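J.: Chains as they are written, first to last, in my numbering: chain F, 1 to 386; chain A, 1001 to 1332; chain G, 2001 to 2614; chain H, 3001 to 3628.
One or more of the hints may lead you astray.
25 Å max Cα-Cα, derived SDA-like pairs, lysine to any residue [said to hold, decoys possible]: (1) Lys1242/A - Thr3128/H; (2) Lys1223/A - Arg296/F; (3) Lys1242/A - Lys3182/H; (4) Lys2581/G - Leu115/F; (5) Lys3012/H - Leu172/F; (6) Lys1223/A - Val3064/H; (7) Lys123/F - Leu172/F; (8) Lys3038/H - Ser11/F; (9) Lys386/F - Tyr1131/A.
No wet-lab data here; the hints were simulated from the structure. Just so we're clear, the structure is a prediction, and the values are computed from it rather than from any experiment.
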Amino acid sequence: MSSPAANHYVSTAPFDPYAAEQGGAAEGSSFNQASQLKLTWWRFKRHKPALYAGVLLLLAYLMIVIVEFLAPYNVHTRDVDRIYAPPQSLHLFHDGSFVGPFVYGRIMTLDMDTLRRVYTDDKNKVEKLRFFCSGDRYRFWGLVDANFHLVCPAEGGSLFVLGTDRLGRDVLSRILYGARISLTIGLLGVMTSFVLGIVIGGLAGYWGGWFDMIVQRIIEVLHSIPSIPLWLAMAAIMPADWSPLVVYLGITFILGLLDWTGLARAVRSKLLALREEDYVLAAQMMGAGSSRIIGRHLIPGFMSHLIASATLTIPGMILGETTLSFLGLGLRPPITSWGVLLTEARSVNVIALYPWLLFPVVPVIVIILAFNFLGDGLRDAADPYK
Amino acid sequence: MIRYILWRIAVMIPTLFMISVLVFTIIELPPGDYFESYIEEMRAIGEKADMQQIDELRARYGFNESEPVRYFHWITGFVQGDFGYSFEYRLPVSEVVGDRLWLTILVSVVTIIMTWLIAFPIGIYSATHQYSWGDYGLTFLGLIGIAVPNFILALVLMYFANIWFGTSIGHLMDQQFLGQPMSWAKAKSILEHLWIPVVIIGTAGTAGMVRRVRANLLDELNKQYVMTARAKGLHPFKVLIKYPLRLSLNFFISDIGSVLPTIISGAEITAVVLSLETTGPMLIRALQNQDMYLAGSFLMFLAVLTVIGVLVSDIALAFLDPRIRLQGGRTK
Amino acid sequence: AQDVAREPLSLKEAVAAGKLPPMAERLPKVPRVIPLNTPNLAPGRYGGDVRMLIGGQRDIRYMPIISYSRLIGYDLHFNFQPDLLERFEVVEERIFTFHLREGHRWSDGSPFTTEDFRYTWEDMFHDKELYIGGIPTVFRVNDKEPVFEVLDALTVRYTWEDPNPDFLAELASPVATRLMMPASYLKTYHRKYQKPDKLAKLIEKKGVQDWVALHQKMSRTVRPENPDLPTLDAWMNTTKPPAGQFIFARNPYYHRVDENGLQLPYLDRMVLGVGSGDLVAAKTGTGESDLQFTNLDFTDYTFLKNAEKRFPIKVNLWKRTQGSRIALMPNLNCKDPVWNALLRDVRVRRAMSLGINREEINKAVFFGLAQPSANTVLPESPLFKPEYRDAYAIYDVDQANALLQEAGMVREGAHGIRTLPDGRPATLIIETTGDSGFDSDVLELITDEWYKIGIRVFVHVAHRELFRRRITGGETVMSVWMGLDNGVPTADMSPRELAPTSDEQLQWPLWGLHTLSGGGDGRRADLKEAKALLDLFYEWRRSDTLEERTAIWHQMLSLYTSQVFTIGIVNGGLQPIVRAKKLRNLPDKGLYGFDPTAYLGIYMPDTFWYDEDA
Amino acid sequence: MAECADLLYVDKINVSFPMPGGRIEAVKSFSMRVRPGKVTALVGESGSGKSVLGRSIMGIESPVANVSGQVFFHDPEMAKTVDLLALPHDGRQIRHIRGSRIGMIFQEPMTSFSPVHTVGNQIEEVLTVHAVLSPKEKRARVEEMLGLVGFDNPSRVFDMYPFELSGGMRQRAMIAMALICKPALLIADEPTTALDVTIQAQILKLLMELQEKLGMAILLITHDLGVVASLADDVVVIYRGEVMESGPVEAIFQNPQHAYTKGLMAAVPHFEMDRGERLKPLREIKVDTAGLIERCSTKQAKGDVLLSVRNVSKSFQVKRSNGFFSKATAATLAVNDVSFDIMRGETLGLVGESGCGKTTLSKILMRGVTANHGAVTFNDGDGSIDVLNAQGQALQALRTKIQMVFQDPVSSLSPRMTVRGIVGEPLEIHGRGNRASRLDVVRRLIHSIGLPESAMGRYPHSFSGGQRQRIGIARALALGPDLVICDEPVSALDVSVQAQILNLMKDLKSELGLTYLFISHNLAVINYMADRVAVMYAGRIVEIAPCETIMRNPVHPYTKKLLAAVPMPNLDHPLDFDLIGQPSKAAKKLWARQFHDDGTPDNLTHVDLGGGHLVLARRNVDARELRA
Ligand SMILES: Nc1ncnc2c1ncn2[C@@H]1O[C@H](COP(=O)(O)OP(=O)(O)OP(=O)(O)O)[C@@H](O)[C@H]1O
Ligand SMILES: Nc1ncnc2c1ncn2[C@@H]1O[C@H](COP(=O)(O)OP(=O)(O)OP(=O)(O)O)[C@@H](O)[C@H]1O
Ligand SMILES: [Mg+2]
Ligand SMILES: [Mg+2]
């Protein structure tokens, strides 16, 4: 077939007009039966970083169920003889021989000149870690008393892998306990704001006209009220006998109720453009209702932005109380969260003298990265062009 | 379009009225008034307050009148350009703001411009090079910026800027230039200090913008018109800028309305931590002390900016995408 | 020429140019001579600025406090001493005669005479518009005003019917009531002396509503916001607010000299940088402050001490004068009837006090450097006795438990939460303003300790205004505040803090209000011991010998501590004071507090100077 | 290897797309050549890889595709042969070739433009990239080109946005864009599908001229064998990504060898067909029409009026790109006082010039566009519904009874829904059946339009133009409506699949009594499908009559011209471009006086010629005068 066009060429390959279209899954395979959700899930699974991120998050959420067991200490355990102890490093070998994971014992001296506690390792004292051991007492989920831990310090020894804070509490344990609140509460506000933002913004963008006019004015009004005076006002009117947790929950929720405006405007603007697409017209002509058109046709076209926004709001959700605590409204001890831990680290003293107290930013970063990769994976899985 | 704009401006009046009522209510909401906070301030360092004198002050400033009356006084004054009186500073509100306004605008505008200048190229890069090392790396950096609370970042930066460059801690200039008229040395000192707040306020915003640009751009990159543009022989970069980028800007345009007020209000918390001579800390203090006319007038000013910003952003939207009909309902 | 050479550098030019009279003419005939030849002090040299950091514009109010120029002030041993006055006489604690220094001038050069007293008394206090409610309450004794007389250009006299033993202490207090204002300056703003059209113009110019506001604005002394207002302090403000930096320049007419005849202050200027309070420690640690005592906390000490190596600063620890650095205030006026009854029961208060492990708190929060103590006077006070300090301030859980059991807060077994007489579990909400960083730490420790005596504690943080309001309203059962303001009293100082005399006393705000308002408001104290304290206080006011007063003080202290009306935790807490290394005459050890030391006031910052050789 | 005589030599190119559970081999070891100055037609079944091939040659296939092989392009201007696929991706060299040396007309003109830039701006850009001209010159060039492709008012179109143009107008704009730089090779992917035959002729004439004048070669991808016959020099027949037969046009048309080619030839509808005759698709798909769609039995006798349209008008205000302060421009009267009836069970064909308002009219009937005035009544025997004002329940009922196949298959399918979702959506909305039964219906619909089952899990963008069009048809049929409005339903289908679809529609009509409003440019298709035909011109219906009458005895000059412009898939009847290729404005001038309104629309009325034959003419003219 040296010159196929010049002269008359006829293919001699067998010809079957009824052959199914090439490629894709075979007839009747599960791919054909699968709903869009399932397809998305399959595609998601191929996205490895997202999958790992998802697994990590899953583990993190599982972990917060059993923090009491995982943490070497109880959150409230403090030791005035071990205040501001720097992290202890784990060792495996002592004097050249294998001992298993252990830490060296610590000696604290008071430096009366600088009023600093000085810790030195006592190389003779090998404090071997214990695993699946009984240690600090705790009340599991506030219900059952127990003292079973994954890892405990040696009897009479200490195990401060990430050091201790100003009351001699184990930073690692506090971080673990803090995850419980950090990974849950703020979610409420974020979810409220997202649901409202998408629904209201969606309707305003799709319906347009009068509804949009009114919604936009409401947004203007809400937007004009900066959050800070609102927090202050709210803190002032919250009943005093509410526990800080409930107050925080309330504030988060109300903030969620007010925070949807930005998202709503983004959704609305996008839908104002998308609603002019033919497929929307097609759906209208099929008799689809507003909710269906918004939910099935329009919002998916804006999903990437929504996912990105959601993953970006998550740090806000985890660290929300740090801002609040600037105004004296955040969570407070004895409640522990990452935000509380970081707020406590809010001084030059910490940066200059006790930098390990800044460690809680690490889990925050990890969680945020994980959410972000998860979001990326979801985005791609929902992207038809991938 | 002109009719639409006029109509929108007309609607602003009732909107602003509602906002003013709300603002007034919110600053009235916390119990007590400025004088009570004033007494507490005095007590905090041990001073005794002369209750009698304070009662007099209270009467002078109409705090024994009912709230609607006070609202009325305030809002009528506001409309006439009299923004009220700051108890804390014992000055008319307009005089209190003074220099701070310009510094705030400086910090905000520089931050916003930096944010855009950095975020857009990076956003475009990570959208077009999705899952490249660059994408991962920049995402990672940006997310760190988001994950570390601003105040910690502020402290760390300040501390190390001091140790490494000897930049004095906090403020927008060295202490000796505070309150001085502008000079070269002062300008230089401002520039030396400016980068810290810009970096701190900018990081979170930049990273957020990068992610959003990336997400929106990814959605547009596969559209047919991109292929058409490529078929014309356009440089890929030009293709990107002219077509998908413009279409992906929708989210950005819809949000520029809120940029306007932030230029004035600034990032309050960071400004407090860094002790910047901007309006943000002043606003917070005014709110905390219930210096209500200062706070109220400030908030109203922001509200006016917000409302204008929303209008601007709507008009910009209509320009960005001619399909958008701002007025009509869902069908043509 | 000789004279000009002795002038401070910053004034030399003006003096040489004749714009300013030479020092000899600026000083009063009889200036106050400050002896500086003690082991720790030294006469100094002129010159230099001191940079200080303040946490907000309002904190320029520290300047008049630390300048501490009073008609009469305390010396280092808390004895009264004429300062602005040349001398004074007191008869029967009733008749106070004040002699001014001849040739004494305000900072604008106008003479300081009895006219200034008259103006203040007649044209200010007795002006129905300026002082709607009449003269300030401190002048009233048993609701009667004194008779004010101008004896001559340099002598005034205040005469009460009944003794007013507080009067001198009031004049010596950190924020004293001003008996004299610069009349010649203020008359410009007074309706009586100013033409109405001129006044109207001034009102317009200053953006105020009427002349009253104008006068008030121009005459503010607590916060020296008006740079034009003449002062008698060592430094006068030269910056008009709002500003990021306030410069206080030397008052060329200041009335104190050192023994070499050099007019004080030595330092030319005090430069106050305004910033966020949170940054003060950090900035001080980078050598940006030459004299810092505000906005520093004990916890900053290590950081500051480390900074000594890199910056020419020196960090000292002073002892705070509060009766207790932090104290729990059971609200005897709380509304909850059950808690009210319990708190009125001294056994409960004692048990609570016994249930606190003060050693641990001291160790954890104060590095073991404070003193576990009840809320009472410090050893620095002549009234100190160890038994006051230790009254129920030891850690004794068993005794505490026993006392609570007796008082009707029972529990089954040795653990768990007690039940209140009405069957509720004994949960106690402690309110705090959360202002100081360690409040929550201490409360956390107390929470744990009290759990051992069967009381569950919740901490609630309230805004300051709200905090007071709730306490006065009886909604708060217990709160956290500082202990006695003045922990180093002498018998001459009023024991009012120990008796219900003010609504600021968080343990009995209503009783205090009752006394304060002369019975018009609040409730009469109906607890025997509180009444006894009040009676003792009245007795003190009537007494006129030192012995009598000392005896009354001791009775009150003993009653107050044994009744544990407030639960002190530790006192004598330390306060870091940072100074530039070369700044002399600021002692390394000192007492730090508002009352009676006026922060640095009694250490006389006008005698501080830069020793360039150091 | 490549002979220098070839302008383009495609050597064993392979293109495949990864898919969940496998991959799609769109083009398999495909070779062909394009001679300089000649027209090579690429014909083949829908989904056989033609467009993919075109895009791959340009190097703009989406990045997920795996492309291998070689494409040699011998640019006569540079006298150098380059392998297009080996050039750096989006590099300078290939960019220079794109747009300037090789122009491309995309198959989907509707979506190929950016919605937010004006048409002029987007066309002009090609010049900006490849030529050094002043803005004025550029505008002049663009306007000239727009005029050449048949726009009456090029400068107005220049400033219009793509969404303001009709399908055909956009396609012409696309053509203008591809031709503006006078390329050496034009890849024209279905360049005339959205054009009525008169404009099509005009465009083909333009292409011929350019080809002659500039020696431009054309790779013409088309389904219309008539166009192939009129234009092509060589023909390549492609089937499932492979060459079946290739050779000179004469050889292929007169002596088709391959079974596939023969089948294609046989499937073409033509005018000589009997009304009852069925088209012969390549593969007959047996469809159980009765079970295919759920439908209540016909309640109304055939012949009653199902939909009556009275005096409907619609005008559009054009958005201006140059600032919002400029004066509003004159409105376009897209539909102008249109009245007609559709009887139950009949197929009304609607033909007309590109941009004459057909789509707008059909959207009005669907309530997709609000008419300025007029009335539309729908009556299926359950009582009449006022279509333009129906609300709530009535509207919802209407939505099940009237369905539409959109002219633009790309934009009318939600890009983020799988085919299964798209086709099943109407069922879901109206709560028909349960999940399983819906899935079953969808599967059968997919099967009946000739797509494999694996299509169900794919997204619309991954289909070929014809496949998408069929998905749209399946969706419209899913509910079993009374009336289906088909806007160019088969324009993107090759003759064989077209035959299959037309047969399906016909079967549904005869067995279930569906009624169609059938908009098409392909008169042969209209002839095959329609019972009556309405001819539209500039917003008005100019002639309406039973199908035979129109085909045999057209009265209106536009109708006549239309019929004359139909290209025949027969080498013996080439189009006379000189006769029919003139612009419609010019042609209109030649109309007889009685068809002109002389500026006053009221002058014209529908004159009844008997037998349901109405024609738009002067009020007082005699029927005989018209026939003359
Ligand atoms: N992006 C894609 N992803 C997956 N499959 C694709 C993609 N683009 C095209 N295909 C598949 O490749 C095959 C060839 O498509 P192509 O568009 O070239 O067909 P065509 O010959 O142009 O058909 P038509 O005449 O209907 O336009 C089709 O089966 C189609 O489903
Ligand atoms: N949204 C719109 N804005 C302005 N003008 C429009 C709009 N939609 C259509 N038009 C104009 O209305 C006229 C009729 O368009 P319509 O789409 O109905 O034509 P058509 O008959 O379907 O043509 P084609 O066969 O090319 O698809 C055209 O001149 C077009 O420019
Ligand atoms: Mg195609
Ligand atoms: Mg059309």
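J.: So which hints don't hold here, by number, going up?
T.: As far as the earlier hints go, only 5 is violated by this structure.
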